[in-house]
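Student: Here is how the chains run, residue by residue.
There are 2 protein chains.
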Amino acid sequence: MNAEKIPDIIIGRLPIYLRALQRMADKGMKTTSSQELGDHVGISAAQIRKDISQFGEFGKQGTGYSITYLIDKLREILKVDRVWDVALVGAGDIGHALARYQGFINRGYNIVMIFDNDKAKVGEKIGEFVVEDTEAMVERIRSAGVKIAMLTVPASSAQEVAEKLVQAGVRGILNYAPISLNVPNNVKVQHIDPATHLQRMTYYL
Amino acid sequence: MNAEKIPDIIIGRLPIYLRALQRMADKGMKTTSSQELGDHVGISAAQIRKDISQFGEFGKQGTGYSITYLIDKLREILKVDRVWDVALVGAGDIGHALARYQGFINRGYNIVMIFDNDKAKVGEKIGEFVVEDTEAMVERIRSAGVKIAMLTVPASSAQEVAEKLVQAGVRGILNYAPISLNVPNNVKVQHIDPATHLQRMTYYL
Chain B
0 MNAEKIPDII
10 IGRLPIYLRA
20 LQRMADKGMK
30 TTSSQELGDH
40 VGISAAQIRK
50 DISQFGEFGK
60 QGTGYSITYL
70 IDKLREILKV
80 DRVWDVALVG
90 AGDIGHALAR
100 YQGFINRGYN
110 IVMIFDNDKA
120 KVGEKIGEFV
130 VEDTEAMVER
140 IRSAGVKIAM
150 LTVPASSAQE
160 VAEKLVQAGV
170 RGILNYAPIS
180 LNVPNNVKVQ
190 HIDPATHLQR
200 MTYYL
Chain G
0 MNAEKIPDII
10 IGRLPIYLRA
20 LQRMADKGMK
30 TTSSQELGDH
40 VGISAAQIRK
50 DISQFGEFGK
60 QGTGYSITYL
70 IDKLREILKV
80 DRVWDVALVG
90 AGDIGHALAR
100 YQGFINRGYN
110 IVMIFDNDKA
120 KVGEKIGEFV
130 VEDTEAMVER
140 IRSAGVKIAM
150 LTVPASSAQE
160 VAEKLVQAGV
170 RGILNYAPIS
180 LNVPNNVKVQ
190 HIDPATHLQR
200 MTYYL
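Which chain is which? The protein sequence lines are B and G, in order. Sequence positions in the first sequence follow numbering that gives the first Met the number 0 and run 0 to 204. Sequence positions in the second sequence follow numbering that gives the first Met the number 0 and run 0 to 204.
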């Protein structure tokens, strides 16, 4: 397995496969085929076989894939065979929703701290968390060794906060602010901006 | 311009360009280059020129792009030179956050109705909206001619609700439920699932 050579677009499909496989496992299914998995995720069987074969031979001709085995392998490849601590920055509506979302822990992520620069929000309890002051953020993240952050601040302050996160040692940012971030090459950014997704659909209408 | 032949991956980048151009316009900028735009969005100048040239000649050698002209063209291409009515299904945390989000209207979308199947939520006010019963959804959406929906219901009911939305005439679904949806080919689905985005990043850590 040579991680450097695998296109990011393939990496982007693996979490979709993993999610579908976990649902199959939850339903008590033991084995699946690339055809069946493909029907669930809307991707061709040939593409799925090709994607998965990048990482080794995980299926058997005729009998298909063992679901738990393939889940284990995908979790290992995506490095979610552990749980990553996550810092959440921005305690607005989306921040609240993310802090209360129960779906992260089973998929490898655990929000452990929440920050906001609004003094009115600092000290507020969100679920089990107390919102902390952004002023303390760099030191808190660095000393805790947190590598992943979710950014739910307004567009106007997103770049500045992202730079502080990088300075604190963060290497992956899930950015909810509707703006592209400029970060060093060794920092990964993924964007969640519903309007861009909507625009990608209305093109076809 | 032959819409059928343009790869979806290019269509997916246009909203990113549009977003960056709108920020430039907000700052009072009049013209830009593919190089400058590329620096903002983290995409190469050559790629941007190639993407935009699929739709015509919008820039001038030497002087670059007029920002307002390119914005107008991209809005026309993405069909957001109008405002689309949107139905929101699911009045949970994410539903609340989306209902209150102020960033849709300027980008072509306007939430006009909110549904939930929880009788305790029906009648609740969220901002200017009153949550309606999902039982009335198909008829309400159909008679209003709404073509776009945001789906923020649990994974267990997402497929069933999606089928009702399709039945009601919806042709684009922004799906926040962590599950792939099976819909007819003439219905577009975009997925927002933060865990899949996180997993795509941790692969590289």
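One or more hints might be untrue.
It does not matter which identical chain is meant; a pair holds if it fits inside one copy or across any two.
Below, in silico cross-link-like pairs of lysine-lysine (DSBU-like), each with a Cα-Cα straight-line distance of 35 Å or less [stated by the list, open to error]:
| id | residue 1 | residue 2 |
| --- | --- | --- |
| 1 | 29 | 118 |
| 2 | 49 | 118 |
| 3 | 72 | 124 |
| 4 | 124 | 163 |
| 5 | 120 | 26 |
| 6 | 49 | 4 |
| 7 | 59 | 120 |
| 8 | 124 | 4 |
| 9 | 59 | 163 |
| 10 | 124 | 59 |
| 11 | 49 | 124 |
| 12 | 72 | 120 |
| 13 | 146 | 26 |
| 14 | 120 | 4 |
Hint data in this document are derived by calculation from the structure and do not stem from the laboratory. Owing to the predicted nature of the structure, the values given are computational and were not obtained by experimental measurement.
Student: Does each hint hold? Answer for all of them.
Tutor: Here is how each hint holds up against the structure:
In this assembly of identical chains, residue 29 and residue 118 lie within 35 Å of each other by CA distance neither inside one copy nor across copies; the values are 51 Å within and 37 Å between. In the homo-oligomer, the alpha carbons of residue 49 and residue 118 never lie at most 35 Å apart, since the shortest distance is 51 Å inside one protomer and 46 Å across protomers. For a Cα distance limit of 35 Å, the shortest separation of residue 72 from residue 124 qualifies neither inside one copy, at 38 Å, nor across copies, at 46 Å. When the C-alpha separation of residue 124 and residue 163 is checked against a cutoff of 35 Å, the pair qualifies only within one copy, where the shortest distance is 24 Å, while the shortest distance between copies is 38 Å.
For the identical chains of this complex, residue 120 and residue 26 are inter-copy neighbours only, at 29 Å across copies versus 41 Å inside a copy, given an alpha-carbon limit of 35 Å. Taking the shortest alpha-carbon separations for residue 49 and residue 4, both the intra-copy value of 14 Å and the inter-copy value of 25 Å come in at or below 35 Å. In this assembly of identical chains, the alpha carbons of residue 59 and residue 120 never lie at most 35 Å apart, being 54 Å within a copy and 49 Å across copies at closest. Proximity of residue 124 to residue 4 under the C-alpha cut-off of 35 Å is found in neither arrangement, the shortest distances being 44 Å within a copy and 51 Å between copies.
In this assembly of identical chains, residue 59 and residue 163 lie within 35 Å of each other by CA distance neither inside one copy nor across copies; the values are 48 Å within and 38 Å between. Neither within a single protomer nor between protomers do residue 124 and residue 59 lie at most 35 Å apart by alpha-carbon distance, with minima of 51 Å and 54 Å respectively. For the identical chains of this complex, residue 49 and residue 124 are neighbours neither inside a copy (47 Å) nor across copies (49 Å), given an alpha-carbon limit of 35 Å. Neither within a single protomer nor between protomers do residue 72 and residue 120 lie at most 35 Å apart by alpha-carbon distance, with minima of 41 Å and 41 Å respectively.
Both within a single protomer and between protomers do residue 146 and residue 26 lie at most 35 Å apart by alpha-carbon distance, with minima of 33 Å and 33 Å respectively. In this homomeric assembly, residue 120 and residue 4 never come within 35 Å of each other (Cα to Cα): the closest approach is 45 Å inside a single copy and 50 Å across copies.
Of the numbered hints listed earlier, those contradicted by the structure are 1, 2, 3, 7, 8, 9, 10, 11, 12 and 14.
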